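J.: Each chain, written out:
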Amino acid sequence: MEGYKRNMIPEPETPLPSIKTGYGLLQWLSSTDHKQLGIMYLWMALFFFLVGGAEAMLMRAQLALPELNLLGPEVYNQLFTMHGTTMVFLVLMPTLIGLGTYFLPLMIGANEMAFPRLNAMSLWITLLGGLLLNFSYLAGGAPDAGWFSYAPLSEKNYSFTPGLDYYSIGLIVTGIGSIGAALNFIVTTITMRVKGMKMNKLPLFVWMVFFNSFLILGAFPLLNAGLFMLLLDRQLQAHFFLPATGGSAVLWQHVFWAFGHPEVYILALPAFGIISEVIPVFSRKKIYGYVTLAASTVFIALLSFGVWAHHMFAVGLGNPVNTFFSAASMLIGIPTGIKVINWTATMWGGRIFFSTSMLFAVAFLIDFTLGGLSGIAFAIAPIDWHITDTYFVVAHIHYVFLGGTLFASFAGIYYWFPKISGKMLSEKLGQWHFWLFLIGFNMTFLIQHLLGLLGMPRRVYTYPDLPYYGSMNFIATMGAVLMMIAMLIFIFNIFHSLRKGMKASSNPWYAWTIEWFASSPPSLKNFDELDEVKTSRPLIDWEKTNQRNDGE
Amino acid sequence: MWESIDHIFKSSSEDTETMKQLFGYFLIAGGFVFAIVLGVTFYILRKFKVSDHSKQHFDTHESHKVEYLTIGFASVLVVSFLVLAIGAINKIQTPIPEGKEPDIIITGHQWWWEINYPSEGVVAANELHIPIEKRLLVRLESKDVIHDWYVPALGRKMDMIPGQSNYVWMQALEPGHYDGACNEYCGAQHAWMRILVVAHEQNEYEKWLADQKKKASIPQTALQKKGAKIFQDKVCSNCHAIQGTGAVAGIGPDLTHLGSRETLLGGKLRNGPGSLKDWLRDPQKVKPGAHMPDFLFTEEELNALTAYLYNLK
Ligand code: HEM
Ligand SMILES: [Cu+2]
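Chains as they are written, first to last, in the UniProt record's numbering: chain A, 1 to 552; chain B, 1 to 313.
Keep in mind the hints are simulated off the structure, nothing from the lab.
Owing to the predicted nature of the structure, the values given are computational and were not obtained by experimental measurement.
There may be inaccurate statements among the hints.
What the hints assert, rightly or not - Straight-line Cα separation of at most 27 angstroms, DSSO-like style, residue types lysine-lysine; simulated pairs:
#, chain 1, residue 1, chain 2, residue 2
1, A, Lys500, A, Lys423
2, B, Lys215, B, Lys226
3, B, Lys49, A, Lys286
4, A, Lys198, A, Lys544
5, B, Lys55, A, Lys201
6, B, Lys285, A, Lys534
7, A, Lys428, B, Lys285
8, B, Lys285, A, Lys156
Please work from the sequences and hints to get the whole structure.
T.: Take a look at the structure:
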């Protein structure tokens, strides 16, 4: 036993209210266990993904051919607003926060989050916000001013259904949930690491979630302040964003994008974290350039608060402002480029095994690069003056959100599902899911770059029969059908595996981070005791020590 | 393909030419970077692929050379494009000379365009006529929500913001028709807020201006006269203006020369007696959400109104 100490993992001191007998519904509802909460985040994200996906399918049906009349403009406009809002706030956020809630404590060798009750509140309030937002469909009409709700279109005199009131309240409420989660991640990471896990040995996923939490703390209060102002305008006749009575329409854009630009990084950083876990394990190599990966994250996070006006190059802010924001935005390309290089270099010389998880990670690498490059096109103001608010934007956001964050989330789910459920997902179905989704995704969105260059504006419920518009949109709709089929396969895979899947060992991928030390699924108390962490691959070290001990 | 269709880098102005060139450079640089990432990734995947996941693991030999190289290469690209961008920004959005009045004022409405030629006293809607070659100063405004002026071939796009005046330079080097559309989501009928710009040789443009300055044509036939009466009696004149008659309101588009236009309703319909009649019979069916009420005209009234309005050349 010489040379290493075992250290006990502390349990929360006061017992928390939960019904520990059995796993009944009530037990789930009252749970403060980070694993159960993480699982509920993921179910919630899946549920809203189906809602948002159905909205997207309806939109694609309406756009399949020129001048179709399946949905009227009012319905279409509600659908695209709800689709964007749902995907950002109720799908991607909960997926990433859910994975963080489940795995952050496990990966740092803790048994719980720092504030288990806050953790539960964050989940339920996020769900409450989502339900409020969607309740608007029944309460007189969903919001219809787009996910960024530009004033004055979002004001009472232009959008008179209660939709935008539900939008404001719903997002304020989910925003509070995100802030709670962020605080929890930060405190947990700082205070609950197992002995020996210095900040420079944190798994990169933890690093990214940790750092990302500061971004959430910076950005969401801005959104909530803006939403309160909008709500005041709509309900109490304030005039913040109404130019006719002395307000400013552009002010809303500043407030929204001051939140909105960091938000797109909030959706990207944890995804980078997942990729930084998956690629090394399936290449059998240590991550290349840990320090640069971590440092470039800090750089991106700081820059992301200084680039918001690149969403506003067409607002008429003047040449000096446009130049400044062009420069700042283009700079983000550098740290992002470094990350891509690090991931590629990690694979170099490894033994690459194409599990479904790894396939999604590699697809992420390529599609996210494309999304990043088209993002730089927007950063160059004179190019932005042509392509902003066309379908080129739709293509771009989907390459970063879908080809980026969502692919990374799939990679994470295929990777960690055995840990969460104790069952393996079917690799065969996984491959079908991957290929259909990949082809469908690129069919739908690659071509939208061209549609944008042909001048098709975004957010239109229909379009004239101009050359190539009809055929390109038709291809995009067919791609969406493929994605839908892929999703059905994915969902079938989950349910099938939960019921009949192969049992998973505690470490089926021979990974080296601490979550794989726990049983699959982990017991209520994650760990009884752990050895001290010496390097960034503790499981490998521990195995060596144990072998040595056994041999002695 | 590119030259035959109306893509956004088809240019008839120096400004669009500048942007097109910049985009060309960007495509080359971006394509190059993407090709490298794609190529290297595929090479790695082929070379290092194994068919079984093993327990073995390897160390990474870290050399920072690759990272420095990336930083260096990316920085060079960023700086070059920044220089190019600054050049283009200053070439396109040039300062407005002291005391210069705009040649044209365009005001966005949900979902149509009001067009003013301030020095000519001409008001038009939904179709913009301009002379070729001159670099025109255009002032953009909005009466309600944010819209966005965008005719790709003629220069940059610019938002039209209530409570704020924005200026752009517009130019058409060749005579012809140019298609454009509102690019900022502006509510129910954002899809049908398209704009047609017709660029004329100078002398033709002057002829067009002279026509526009004329008052509305006088109704000739009995049917047209009946239509004129309905127009004034029913509430049409509460919102629309027809120069030379009692109708002077500015809530809806000016109809003085409606018959001479090629399209109606922001590109929704080709102009013609048939489509005009469809619109008047049921506006909410043709363009749901449009801010024009349903009047429940009889077939007879519809015929009369159509005859009258289509005669306004
Ligand atoms: C099944 C896959 C999806 C399809 C077929 C799809 C399709 C669409 C379509 C047709 C639009 C409307 C574009 C417009 O009218 O301008 C749109 C907008 C949008 N989508 Fe998706 N989408 C999908 C998944 C996602 C995902 C996963 C996200 C992740 C965040 C996402 C985020 C957005 C956003 C933010 C917008 C902009 C909404 C707005 O303009 O207000 N989409 N999508
Ligand atoms: Cu508009």
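J.: Hints first: check each against the structure and report whether it holds.
T.: Hints and how they fare:
1. Lys500/A with Lys423/A: 8 angstroms, holds
2. Lys215/B with Lys226/B: 19 angstroms, holds
3. Lys49/B with Lys286/A: 17 angstroms, holds
4. Lys198/A with Lys544/A: With a Cα-Cα distance of about 21 angstroms, the restraint between lysine 198/A and lysine 544/A holds, given a limit of 27 angstroms.
5. Lys55/B with Lys201/A: Holds, because 22 angstroms separates the two Cα atoms, which is no more than 27 angstroms.
6. Lys285/B with Lys534/A: Measuring from Cα to Cα gives roughly 72 angstroms; hence the hint is violated.
7. Lys428/A with Lys285/B: Since the Cα atoms of lysine 428/A and lysine 285/B sit roughly 50 angstroms apart, the hinted pair is violated (cutoff 27 angstroms).
8. Lys285/B with Lys156/A: The given pair, whose Cα atoms are some 25 angstroms apart, holds under the 27 angstroms limit.
Of the numbered hints listed earlier, those contradicted by the structure are 6 and 7.
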